[in-house]
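**Student:** For the record, the sequence lines run as chains A and B.
First residue of the first sequence: 0, per numbering that gives the first Met the number 0; consecutive thereafter.
First residue of the second sequence: 0, per numbering that gives the first Met the number 0; consecutive thereafter.
Do not rely on the hints blindly, as some may be mistaken.
Said to hold, decoys possible - Footprint (simulated), chain A over chain B, 3 or more residues, beta carbon under 8 Å:
#1 42-55
#2 71-85
#3 197-205
#4 285-295
#5 373-383
Rather than coming from a laboratory, the hints here were simulated on the basis of the structure.
Only a predicted model underlies this, so the values are computations on that prediction, with no experimental measurement involved.
We put the beta carbon where it would ideally sit given N, CA and C, even for glycine.
There are 2 protein chains.
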Amino acid sequence: MPYYIGDVIKDEKRLVARTPEKFRETGVDVRLEVRAEEIDKDKKTVRLSDGTIAPYDILVLGTGTTAVVPKVPGVELEGVFILKTLPDAIRIKAYLREKRCRKAIIVGAGFIGLEMCEALRTLEIDTQVIDLVSRPAMRWDPEFSNTILEELTRQKVTFLPNTGMTSIVEGKDHRLRLKTNNGEMEADMILIAIGVRPNAKLAVDAGLQIGKSGAIQVDFSQRTSGEGIYAVGDCCEVYHRVSRKWVHIPLGDIANKQGRVAGLNIGGGSMIFPGVVGAQSFKIFNLGAAAAGIDETEAKNSGYHPVSTVIWGNAIARSMPGEKRLGIKLVADRATGMLLGAQAVGTTGAVERINTLSCALWNGMGLDEIAYLDFAYSPPFSPAWDPIHIAAQELIRKL
Amino acid sequence: MPYYIGDVIKDEKRLVARTPEKFRETGVDVRLEVRAEEIDKDKKTVRLSDGTIAPYDILVLGTGTTAVVPKVPGVELEGVFILKTLPDAIRIKAYLREKRCRKAIIVGAGFIGLEMCEALRTLEIDTQVIDLVSRPAMRWDPEFSNTILEELTRQKVTFLPNTGMTSIVEGKDHRLRLKTNNGEMEADMILIAIGVRPNAKLAVDAGLQIGKSGAIQVDFSQRTSGEGIYAVGDCCEVYHRVSRKWVHIPLGDIANKQGRVAGLNIGGGSMIFPGVVGAQSFKIFNLGAAAAGIDETEAKNSGYHPVSTVIWGNAIARSMPGEKRLGIKLVADRATGMLLGAQAVGTTGAVERINTLSCALWNGMGLDEIAYLDFAYSPPFSPAWDPIHIAAQELIRKL
Chain A
0 MPYYIGDVIK DEKRLVARTP EKFRETGVDV RLEVRAEEID KDKKTVRLSD GTIAPYDILV
60 LGTGTTAVVP KVPGVELEGV FILKTLPDAI RIKAYLREKR CRKAIIVGAG FIGLEMCEAL
120 RTLEIDTQVI DLVSRPAMRW DPEFSNTILE ELTRQKVTFL PNTGMTSIVE GKDHRLRLKT
180 NNGEMEADMI LIAIGVRPNA KLAVDAGLQI GKSGAIQVDF SQRTSGEGIY AVGDCCEVYH
240 RVSRKWVHIP LGDIANKQGR VAGLNIGGGS MIFPGVVGAQ SFKIFNLGAA AAGIDETEAK
300 NSGYHPVSTV IWGNAIARSM PGEKRLGIKL VADRATGMLL GAQAVGTTGA VERINTLSCA
360 LWNGMGLDEI AYLDFAYSPP FSPAWDPIHI AAQELIRKL
Chain B
0 MPYYIGDVIK DEKRLVARTP EKFRETGVDV RLEVRAEEID KDKKTVRLSD GTIAPYDILV
60 LGTGTTAVVP KVPGVELEGV FILKTLPDAI RIKAYLREKR CRKAIIVGAG FIGLEMCEAL
120 RTLEIDTQVI DLVSRPAMRW DPEFSNTILE ELTRQKVTFL PNTGMTSIVE GKDHRLRLKT
180 NNGEMEADMI LIAIGVRPNA KLAVDAGLQI GKSGAIQVDF SQRTSGEGIY AVGDCCEVYH
240 RVSRKWVHIP LGDIANKQGR VAGLNIGGGS MIFPGVVGAQ SFKIFNLGAA AAGIDETEAK
300 NSGYHPVSTV IWGNAIARSM PGEKRLGIKL VADRATGMLL GAQAVGTTGA VERINTLSCA
360 LWNGMGLDEI AYLDFAYSPP FSPAWDPIHI AAQELIRKL
C-alpha cells in the first residue's frame, strides 16, 4: 500500500482534502504527525520520527520550502510572524483580531509582503514595508516598480527602501520595536516575508544530487539521482525553456504539474515535464503585475544579447470607459529577434497579456510574428492594435 | 503626390483622423466625396465620379464591405436601419432620441445584432432578436449559444429562432410591422444585421482575380493579380493558418495589419502578412464570448479529423469572490493531437483565454503541451490548473 508521510500537525488535518480514513479506502496509507528523518538509498527505507522504518520501491519527495527568517535578536517575540502555511495565516488572523493591531511592519517587498499590504489595509491597519533593496517588486522594471510604489502610496502604505532589520525588541507605543540600519520604528505586528529556501536536507543527507539553486536536482520525468526516488514541487528544480537552465521557482501551479508528471511516470505511463517560462503574477490593491521569461541580466548570463523596451498603452479600446492604462516591457535577443521576457503592470489586462506572451515564449517566437499575432479583438476587450503588438513593433525598431 | 480617394460624405469628414489639409502637408492628396468608378489596369488610371482620370503607379483598394439588406418590401421605410458606418450609428441614435422608441426588432443574431441588444436595453427599449437559424451566435457551440440565450433572457431580450423576414409594412401600435414566416410583430425600429459582403465590384470589373469567398484575392504581400494593385482590409481575403485556406474575415484588427503590410511593401520595405487564426470576440451584456481557429465542420472540410470537448471551469481561483464560471471548448485533430479551434464564454476571462489559445493555434501547438503551458498563476487571476489546462487534458483522453 502506498504511504503518505507528513509532519502535518493535528490542527492541519482538516486541511488535507481527504481524511486518512478516506485515503485508506482508496488504497493510500496516510500517516500524519510523523516526520521522515532519513533516507537509506541502498536499503530503500525511510526512518521515521516515530522510530519505525518504512520500506519503499518508489519514494516521492515533496518537502517544499521553508520561509527564511534572518538570525537577528527578537524574531522569536510574540507578534513576529512568517506567512508560509495555512496555520501561519490562521495565527496571524487570530493575533490581529485579539490584539487590536493598529500598526504593522512588513519586512520584504516581494509577492507575499505586497499581497499582505492589501489584507492589512482592509483591516485599516497602518502598514509599512521595508526592504534591503531600493524598490518594491525588484523583479519588475524600475518603471513598473514605480507604478507599484505609486499604488502603495495611494493606499497609504509607506515603503522604506535600502533598509535591513538588525533586531526586534519590546516597544513603547506599540508592542514591538524594529531596529534597522535606517532608524527604528514601532508596530504591533511584524511580518517577515523575505523569501523561501527549498527543504532539501533529507535529499542532501541521502547523497542525492542538488542543483546550483540549492533545490533537488531532477530530470524531465521528475526523477532524482537516487534510484526510485522522485521529487516534485517547491523542493526541486525545474527546467526554464528560455534561459535553458534548471532553476528554482517555487510556485503552486508548477508543483501541481510536476506532481502529475511524476504520478503518471510512477503509474506506468510515460511523460516528460516540458518545463516553464517563469510566468508569475501578483495583485497589489488595484494593480495586476505579471512577468514571464527572463530580464536583461538573466539574458546576458545565459548568453543572449538583450534589448528591451517599455511602452504604455490601453488594455481596452480608448473609447471604452474605465481605467485602462497598461504598461508592457519586452526583452528580446538582438541576434535572433526572439522574445526573451515580458512584464506587464496595470489595473486590467496585465496578467492576461503575460499569459499570451508566455505562450509566445514557450514557442520561441520572434518579435516579427508577435507584432502581428491574431487576437480576439473587440473594443471592450482590447484596442485593434493590442499593447502587445505595439510593444513588439517598438522593440523591432531597436534590434 | 499620393492620393486618397473616397466617397466619404461631408458629415464624415470629422471622422478622418486628419483633415485633407493636414494630409496635404504630409504629402498626401486627400479627395473626399468622389467615387472611384473604374480601374483601367493597362493604362494604370482610375476614372472618378467627378469625371477626372487619376493616374497611378501603385493603387491600393480598401473598399471594405457593405451591409447585406434582403430584397423584401418595406426595407426602405423610415425606422429600418443597418449599422455599418459611424453615420449609420449617428442616424440610429438620433432616431431613437427623436421618435421615443419603445420597441425594437433586430434581424440577425450575429456580432452586431447581439451587441446592439445591450445598447437598446440600456435605453430601456423592449428588444426582440429574430434569426433564420436556430440559435444566437451560431459560430459558437450549442452549449455556449445556450449560455448566451440565458443571458439574453436575463436581460429581457426575446429571441425568435428559425424566423426570416418577408416584408415590413406600417404598424398599428408601433410605427412598423414586421412580417415573417413565423408570425408578425410590431416595433418602432428595425435593425437589419445579417452580415456584410465585400465591395469587390471595382476589382471584378477590372478583371482582378476574386477568391472563392467573393473577396479580392491577394498574396502575402497584399498584392492583387493586377500589376501595381494592392488590396487591404474587409474587401480582400486573408490566409487562415489553421485551415490553410484563403478566407474572408472582415474584422478591424486584420484590416489594420494588412494596411501596414501593404504600406511597408509599397514604401520599399519587404514584409509578408503571416495570416490569421480566426480570432474574434464580442460582449453580450455581462458575458464575453470569443473564438479562434476552426470548428468541427470547417476542420472536416479542411481534411482534419476533429475531436472536441466542452468543459466548465473557473476563470479565477474558487476561493476568490465573484462570478467566475467559464466554459471552454477545444477542437483538435485526432491524427496529430494539434489544436484546431477554441471557444470560450464567461463573465470574465473568456477573451483572455482565447487570445492565449490563438497564440497556441498560431504556433500549431499540440494538446500535450497546451495541457502544461506555464501561466502567470495567482488566485485573483486564475486557478492553479487553468481551464485551458483542464480542457486540454480532457480532450487528450478523447484522442
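**Student:** None of the hints should be skipped; say for each whether it holds.
**Tutor:** Each hint tested on the structure:
1. Interface restraint, the segment 42-55 of chain B with chain A: violated (0 residues with C-beta to C-beta distance below 8 Å; minimum three).
2. Beta-carbon proximity to chain A at under 8 Å applies to 0 residues in the segment 71-85 of chain B; the threshold of 3 is not reached and the given coverage is violated.
3. A count of 0 residues in the segment 197-205 of chain B with a Cβ less than 8 Å from any Cβ of chain A is obtained; the coverage claim is therefore unmet, three being the minimum.
4. Residues of the segment 285-295 of chain B lying with their CB closer than 8 Å to a CB of chain A number 4, which satisfies the three-residue condition for coverage.
5. Given as covered by chain A, the segment 373-383 of chain B passes the check, having 9 residues with a CB less than 8 Å from a CB of that chain where 3 are the minimum.
Consistency with the previously given hints fails for numbers 1, 2 and 3, ordered from lowest to highest.
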